[in-house]
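K.L.:
Now for the letters of each chain:
Protein chains: 2
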Amino acid sequence: MEYKFTRKVEGLKASAIREILKFTGQPGVISFAAGNPAPEAFPVDKISEISAKLLDNDPVLALQYSITEGYTPLRDFLKIKLAGEYKFLKDDELIITSGAQQAIDLSCKVLCDADETLICEAPSFIGSLNAFKSYNVNLVGVELDDDGINIELLENALKANKNTKLLYLIPNFQNPTGKCTTLERRKEIYALAQKYDIIIIEDDPYGSLRFAGKDIPSIKSLDTDGRVIYVGSFSKILSPGLRVGYVSANREIIQKITVCKQTNDVHTNIWAQIICYRFFVDTEFNVYLGNLRSIYKNKCELMLNGMDRYFSENVKYTRPDGGLFLWATLPEKADMLAFCKKAVEEFKIAVVPGTAFMVSETEKTQSFRLNYSTPSDEDIIKGIEILGNLTKNF
Amino acid sequence: MEYKFTRKVEGLKASAIREILKFTGQPGVISFAAGNPAPEAFPVDKISEISAKLLDNDPVLALQYSITEGYTPLRDFLKIKLAGEYKFLKDDELIITSGAQQAIDLSCKVLCDADETLICEAPSFIGSLNAFKSYNVNLVGVELDDDGINIELLENALKANKNTKLLYLIPNFQNPTGKCTTLERRKEIYALAQKYDIIIIEDDPYGSLRFAGKDIPSIKSLDTDGRVIYVGSFSKILSPGLRVGYVSANREIIQKITVCKQTNDVHTNIWAQIICYRFFVDTEFNVYLGNLRSIYKNKCELMLNGMDRYFSENVKYTRPDGGLFLWATLPEKADMLAFCKKAVEEFKIAVVPGTAFMVSETEKTQSFRLNYSTPSDEDIIKGIEILGNLTKNF
Chain A
11 MEYKFTRKVE GLKASAIREI LKFTGQPGVI SFAAGNPAPE AFPVDKISEI
61 SAKLLDNDPV LALQYSITEG YTPLRDFLKI KLAGEYKFLK DDELIITSGA
111 QQAIDLSCKV LCDADETLIC EAPSFIGSLN AFKSYNVNLV GVELDDDGIN
161 IELLENALKA NKNTKLLYLI PNFQNPTGKC TTLERRKEIY ALAQKYDIII
211 IEDDPYGSLR FAGKDIPSIK SLDTDGRVIY VGSFSKILSP GLRVGYVSAN
261 REIIQKITVC KQTNDVHTNI WAQIICYRFF VDTEFNVYLG NLRSIYKNKC
311 ELMLNGMDRY FSENVKYTRP DGGLFLWATL PEKADMLAFC KKAVEEFKIA
361 VVPGTAFMVS ETEKTQSFRL NYSTPSDEDI IKGIEILGNL TKNF
Chain B
11 MEYKFTRKVE GLKASAIREI LKFTGQPGVI SFAAGNPAPE AFPVDKISEI
61 SAKLLDNDPV LALQYSITEG YTPLRDFLKI KLAGEYKFLK DDELIITSGA
111 QQAIDLSCKV LCDADETLIC EAPSFIGSLN AFKSYNVNLV GVELDDDGIN
161 IELLENALKA NKNTKLLYLI PNFQNPTGKC TTLERRKEIY ALAQKYDIII
211 IEDDPYGSLR FAGKDIPSIK SLDTDGRVIY VGSFSKILSP GLRVGYVSAN
261 REIIQKITVC KQTNDVHTNI WAQIICYRFF VDTEFNVYLG NLRSIYKNKC
311 ELMLNGMDRY FSENVKYTRP DGGLFLWATL PEKADMLAFC KKAVEEFKIA
361 VVPGTAFMVS ETEKTQSFRL NYSTPSDEDI IKGIEILGNL TKNF
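Just so you know, the protein sequences line up as chains A and B, in that order.
Here our numbering is used: the first residue of the first sequence is 11, the next is one more, and so on.
Here our numbering is used: the first residue of the second sequence is 11, the next is one more, and so on.
Please keep in mind that the hints were generated in silico from the structure rather than gathered at the bench.
Note that the coordinates shown come from a computational prediction; the quantities given were computed from them, not determined experimentally.
Accuracy of the hints is not assured; some may be wrong.
As the list makes no split between identical chains, a pair holds if one copy fits it or if it spans any two.
What the hints assert, rightly or not - In silico EDC-like links for lysine to aspartate or glutamate, alpha-carbon gap of 20 Å or less:
hint, residue 1, residue 2
1, K224, D331
2, K89, E103
3, K175, E323
4, K56, D68
5, K56, D66
6, K23, E79
7, K23, E103
8, K175, E12
9, K14, E126
10, K100, E12
11, K224, E194
12, K205, E373
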């Protein structure tokens with residue numbers, strides 16, 4: 011038979027990153043294309059110990075149906091933690107989601123009707139952009155400058171799109187650019203959100219992975235009106251395979267997200283939720299996090315040192331203070347897509363072309379994304395030298 | 011601030027079952043309201059063993075990001091299994107989902123636009139009905155008779171709703187009625203699906219839990235056109251806390267579901283997928299399943315024996331050959347909602363009023379659902395006697 015799909019998914023394509031990732035599975039390919047945490051950083055022994063103890067002592071808890079809102083001790087722990095990091099407003103609530111991805115998807119589902127406008131940074135995280143597209147929202151990208159989303163362009167976009175409901179931002183070590191939004195800019199953004207009465211989705215998977223400079227208060231910490239939805243994740247600080255994230259927002263919003271989550275997957279894998287909770291309370295979490303940060307700091311420095319040494323001076327790149335990514339920009343005359351294609355096909359170095367992160371893949375960009383968390387030190391040294399030599403023509 | 015939610019979630023309410031379940035947490039309440047597998051049936055030792063071995067030998071596989079389609083050995087295993095149970099068509103594909111709930115949600119998301127019609131059995135599984143409602147489809151319920159969905163009423167509904175896209179059915183031990191659709195009826199349903207060119211979602215969480223009578227071929231096994239989406243689950247045969255299900259359909263449909271799943275939760279918890287796979291290949295699965303079936307057979311007989319003995323002869327009820335539920339119907343003069351309320355509030359026996367399973371909760375029904383898989387044998391004996399005495403007035 012012939013299938014007729016919904017308007018929601020007609021234009022939805024598999025992520026372009028996945029196409030690149032096909033090459034990364036081939037032998038001998040050095041991949042800077044992934045977004046995976048460093049595999050050597052997984053606290054395997056501790057997770058094994060917690061898991062064994064749980065299945066010994068509380069097997070029914072780990073295997074039976076659970077509640078949609080999530081494992082109560084984990085929720086309570088996160089509420090207290092967030093109340094310390096930002097004032098958890100009187101009417102705020104928090105639920106556990108199946109990764110931050112689900113929190114982002116459902117925030118859009120409950121708040122943004124088809125054809126209403128959602129503004130995001132351009133470039134931005136492809137998984138979120140696709141989630142938004144799957145609800146047929148009017149997705150509008152606004153360029154970043156060095157301080158975050160460009161505030162003048164943002165106001166222009168708000169003026170031009172009177173039906174804007176949501177503003178999606180990754181203020182800390184943004185994916186794909188690695189940029190951090192300054193405190194001043196965060197305040198300006200929040201003021202604009204008030205002026206135009208819109209809601210901000212603050213996606214913060216990388217905030218704990220700062221390895222240089224000082225922490226910047228979240229936009230949620232500036233929130234007085236309940237207009238910020240804060241999304242957190244265990245993927246980058248513990249394990250992405252567990253698929254555990256969370257979302258904190260006004261309880262009215264959380265209630266709607268909860269009924270939608272119930273229709274989505276009933277609840278998040280409960281074993282994984284308990285692992286996250288017990289890992290927090292059973293370990294010296296700050297010591298663990300300190301170690302994780304120093305791993306990423308070293309890898310990032312290794313990559314930047316190689317780029318400083320081997321890249322053409324006509325290639326510009328960000329110098330992130332945390333997170334997993336940096337963003338390199340070729341000079342105007344270069345053909346970025348041809349460069350990325352040549353790098354992987356002829357020289358077996360995979361990077362992600364910047365087009366993958368644009369609101370529309372047909373938009374022009376001279377940039378590509380590099381990941382330093384997944385490759386080994388040896389591969390970073392070797393791969394960056396090869397890639398650098400390829401930039402020498404520019 | 012004031013929130014304006016989307017049309018999708020405006021009318022969506024938390025499941026009425028959850029309201030009843032609040033009472034079940036209170037001390038002394040005997041609950042026949044849940045839909046949980048028997049906790050004593052969880053193969054805890056085997057799961058612990060598999061989990062420990064996995065975290066010892068393959069920790070990065072279990073903790074790192076994985077692919078959206080699911081763990082390849084599990085997918086391949088299921089494809090071969092399903093090819094044996096029904097002919098897996100040349101163009102069929104299969105992916106792993108976060109429980110069957112996600113497969114049902116995404117099938118609707120990719121195939122049924124807002125205001126298009128989706129026909130379901132009335133009563134039906136509340137989680138699916140809410141998923142469908144969250145996409146603003148025109149949800150039309152068609153009554154069941156003893157052989158399954160009433161075929162004459164189904165054709166009337168198809169004639170009355172020219173824009174019907176989907177037909178959602180639970181042919182084996184339907185939730186909430188426990189009814190099984192006969193082979194003859196399955197053939198008639200498939201013929202109607204061909205005649206009106208619609209797609210069937212065949213939800214089969216309970217098919218393996220047959221403890222009496224003979225297996226009936228799935229509707230998917232009758233499929234020649236690729237118009238059946240078959241949804242399976244590990245929740246009732248292994249563990250619901252793992253949140254692992256799967257969906258098999260034409261590869262065009264599966265591709266669309268896959269890109270939507272990517273925006274939904276990236277992939278299903280990979281530890282849980284590997285547990286399911288290894289449990290299948292490392293154990294005598296049929297022996298395990300035989301034991302499970304005999305547990306449910308005994309519990310079901312225990313409940314039916316009590317009902318035969320203590321229930322008013324004016325109360326009718328189904329006698330299921332498998333699954334987790336049976337469906338009792340009070341005589342016309344009885345006030346069903348008042349009966350359920352009195353049962354839980356005064357006599358501490360929780361059942362689910364049938365209204366919870368109707369397309370609209372305002373529809374009238376004299377029935378309520380009883381679950382025999384979760385309560386202990388003692389609670390079944392005690393609770394059914396109390397409930398039976400409550401029916402004596404009718």
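K.L.:
Compare the structure with each hint and give your call.
P.N.:
Status of each hint after checking the structure:
For the identical chains of this complex, K224 and D331 are intra-copy neighbours only, at 9 Å inside a copy versus 64 Å across copies, given an alpha-carbon limit of 20 Å. Proximity of K89 to E103 under the C-alpha cut-off of 20 Å is restricted to the intra-copy arrangement: shortest distance 8 Å within a copy versus 42 Å between copies. With identical chains, the CA atoms of K175 and E323 are never at most 20 Å apart, being 42 Å at best within one copy and 58 Å at best between copies. Within a single copy, K56 and D68 get their C-alpha atoms as close as 17 Å, and across copies as close as 15 Å, so both meet the 20 Å cut-off.
For a Cα distance limit of 20 Å, the shortest separation of K56 from D66 qualifies both inside one copy, at 15 Å, and across copies, at 11 Å. In this assembly of identical chains, the alpha carbons of K23 and E79 lie at most 20 Å apart only when taken from different copies (15 Å versus 31 Å within one copy). Proximity of K23 and E103 under a CA criterion of 20 Å is satisfied inter-copy only: 18 Å between copies versus 34 Å inside one chain copy. For the identical chains of this complex, K175 and E12 are inter-copy neighbours only, at 12 Å across copies versus 36 Å inside a copy, given an alpha-carbon limit of 20 Å.
Proximity of K14 and E126 under a CA criterion of 20 Å is satisfied inter-copy only: 12 Å between copies versus 24 Å inside one chain copy. Taking CA atoms no more than 20 Å apart as the test, K100 paired with E12 passes between copies only; the shortest distance there is 16 Å, against 52 Å inside one copy. Taking identical chains as interchangeable, the C-alpha atoms of K224 and E194 lie at most 20 Å apart only when both belong to the same chain, with a minimum of 14 Å there against 70 Å between chains. With identical chains, the CA atoms of K205 and E373 are never at most 20 Å apart, being 30 Å at best within one copy and 45 Å at best between copies.
Taken one by one, the earlier hints fail for this structure at numbers 3, 12, listed in ascending order.
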